[in-house]
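Chemist: Next come the chains, spelled out residue by residue.
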Amino acid sequence: DTEVTQTPKHLVMGMTNKKSLKCEQHMGHRAMYWYKQKAKKPPELMFVYSYEKLSINESVPSRFSPECPNSSLLNLHLHALQPEDSALYLCASSQEGGGVLNTEAFFGQGTRLTVV
Amino acid sequence: DAKTTQPTSMDCAEGRAANLPCNHSTISGNEYVYWYRQIHSQGPQYIIHGLKNNETNEMASLIITEDRKSSTLILPHATLRDTAVYYCIVKGTYKYIFGTGTRLKVLA
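As you go down the protein sequences, you meet chains A and B in turn.
Each number in our numbering corresponds to the 1-based position in the first sequence with 4 added.
Each number in our numbering corresponds to the 1-based position in the second sequence with 11 added.
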């Protein structure tokens with residue numbers, strides 16, 4: 005199973021709503037990632053978790069709050085978003101860590117978020 | 012983070028080899044070059060990666076110059092299903108940083 009599963013596939017939320025994006029993998033990967041992708045732009049790294057600990061935050065606004073409850077799950081909690089936050093949010097996982105350095109990341113199909 | 016530069020778009024005839032170039036002149040000695048592709052808003056798909064030797068797998072070949080400042084991804088027999096945006100990535104620790112990508116269109 006080389007699949008990264010993201011739910012929901014589509015989400016529409018108001019600027020005062022609180023919502024969460026979910027990501028799951030069962031490959032035993034210890035690194036998990038959140039990316040944001042605007043239309044016709046490349047994916048931009050937001051957060052990296054390694055062994056369930058946040059290791060990289062690319063200066064993301066606090067209205068985005070990541071959480072890694074266990075080694076298979078990654079959440080992105082959303083609160084007070086702006087319309088410009090509308091984008092495709094991608095989750096990925098890889099085996100990197102614990103001496104494994106260069107290995108491919110597997111991406112999910114993304115959640116298409118619209119903020120109204 | 013090392014930066015990559017790729018042509019914005021390329022066309023290739025179906026059945027011919029597609030050669031996609033990438034410049035990464037600021038790459039460090041221990042950084043790998045990765046290639047991914049993304050088909051119409053799906054998640055990026057891994058293609059191949061390498062450090063300094065040429066690499067080949069069932070999808071593609073990767074040629075890295077001796078000075079490691081550039082590389083070329085080769086799809087040996089392009090099909091219509093290879094139409095996608097191809098991203099060249101210089102990977103740091105935990106960081107897959109995407110460049111602007113090349114939009115490859117395979118023509119029938």
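Keep in mind the hints are simulated off the structure, nothing from the lab.
Quick caveat, the model's predicted, so the values are computed rather than measured.
Backbone N, C-alpha and C define an ideal beta-carbon position, used for all residues, glycine too.
Treat the hints with care, as some may be off.
Non-contacting residues of chain A with respect to chain B, defined by C-beta distances greater than 10 Å in every case (computed) [said to hold, decoys possible]:
hint, residue
1, S54
2, Q113
3, R116
4, V119
Distance condition first, Cα-Cα at most 27 Å in a straight line; then the derived DSSO-like pairs of lysine-lysine [unchecked claim]:
hint, chain 1, residue 1, chain 2, residue 2
5, A, K45, B, K80
6, B, K106, A, K57
7, A, K45, B, K116
8, B, K116, A, K42
9, B, K63, A, K44
Chemist: Next, verify each hint and record whether it holds.
Modeler: Checked hints:
Distance check on S54 of chain A: its Cβ comes as close as 7 Å (rounded) to a Cβ of chain B, failing to clear the 10 Å threshold; non-interface status is violated. Distance check on Q113 of chain A: its Cβ comes as close as 5 Å (rounded) to a Cβ of chain B, failing to clear the 10 Å threshold; non-interface status is violated. Non-interface status of R116 of chain A relative to chain B is broken: a Cβ of that chain comes within 10 Å, the nearest being about 8 Å off. With a least CB separation of 18 Å from chain B, V119 of chain A remains clear of the 10 Å interface cut-off, as annotated.
Note on K45 of chain A and K80 of chain B: the hinted pairing holds, with a Cα-Cα distance of about 24 Å set against a maximum of 27 Å. At most 27 Å may separate the alpha-carbon atoms for a hinted pair to count; K106 of chain B and K57 of chain A meet this at roughly 15 Å. Restraint check for K45 of chain A and K116 of chain B: the C-alpha separation of about 17 Å stays at or below 27 Å, so the hint holds. Distance hint between K116 of chain B and K42 of chain A is fulfilled; the C-alpha atoms sit about 21 Å from each other, no more than 27 Å.
At roughly 31 Å between alpha-carbon atoms, K63 of chain B and K44 of chain A are farther apart than 27 Å, so this suggested pair is violated.
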